[in-house]
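Participant: For the sequence shown, the residue numbers in numbering that gives the first Met the number 0 are 0 to 214.
Fair warning: there could be bad hints in the mix.
To be verified - Simulated crosslink set (DMTMM-like; lysine to aspartate or glutamate; CA at most 25 Å straight-line): (1) K144 x D60; (2) K105 x E67; (3) K105 x D75; (4) K184 x D160.
None of these hints come from the bench; they were simulated from the model.
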Amino acid sequence: MSDCKSSIERRIEKSFAWLSIGIVLVPIHFDVGDYDGVNIPFENGHFDIVFSSNVLEHVVDIDRLLNECKRVMKPDGLAIHIMPTPAWRFWTIVSHYPYLIGSVLKRIISKELVSSGVYPEGTPIIPPPHGTYPNALHELYCYSKWSWARVFAANGFQLTDCHSTGVFCSGYALFPNIGIAVRKKFSSILGSAGNIYTLCGVKELVKPRINVHSP
């Protein structure tokens with residue numbers, strides 16, 4: 000084994016000291032096609048699985064996108080979407096002000112006051128919305144599994160499963176050095192940052208049914 004290792008590699012080895020088998024990561028390349036943001040450029044029933052991560056909350060015309068996802072799914076296909084939770088939204092609102100104070104202090108210490116002042120440029124005093132919703136408080140409800148279940152059902156999807164990612168974090172990464180094990184413990188108390196939704200397409204619109212797994 001070579002001694003020319005990055006600090007990240009050494010940290011990984013230290014975290015997984017029990018692992019005695021060496022592996023080499025081989026890069027895998029995928030073709031990337033053009034997408035106009037409206038029409039998914041594939042024929043009907045093309046995919047077994049449609050997957051997105053932290054995307055849907057940013058989409059303005061969510062109904063059109065979900066219908067496109069359903070169109071390119073095979074009849075027995077699945078859609079899997081990962082999205083933030085109300086807990087993530089709440090703790091991101093709460094951590095906005097420590098982040099803001101920390102940013103001001105950093106500018107004072109670094110003496111970056113002459114050109115732009117002490118206040119961080121582009122940082123609002125009131126916590127802004129994360130996605131396309133009117134405000135951050137509105138997102139506390141819109142990020143709930145019940146709200147998403149209604150959106151999915153209105154677009155011809157059956158929500159078959161919803162469970163949390165089981166990891167706590169906020170949108171400001173105030174404590175970036177906290178490990179996954181600690182974040183998992185925090186999640187059981189403070190709430191998970193994400194939910195994983197599994198959907199199947201249905202021919203008729205249905206009432207939302209949720210199978211929820213708590214962390």
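Participant: Next, verify each hint and record whether it holds.
Facilitator: Hints, one by one, checked against the model:
1. K144 x D60: holds, 19 Å
2. K105 x E67: Measuring from Cα to Cα gives roughly 45 Å; hence the hint is violated.
3. K105 x D75: At roughly 53 Å apart (the allowed maximum being 25 Å), D75 and K105 break the hint.
4. K184 x D160: Distance ~23 Å between K184 and D160 Cα, so the pair holds.
The structure does not agree with the numbered hints 2, 3 stated previously, though it agrees with the rest.
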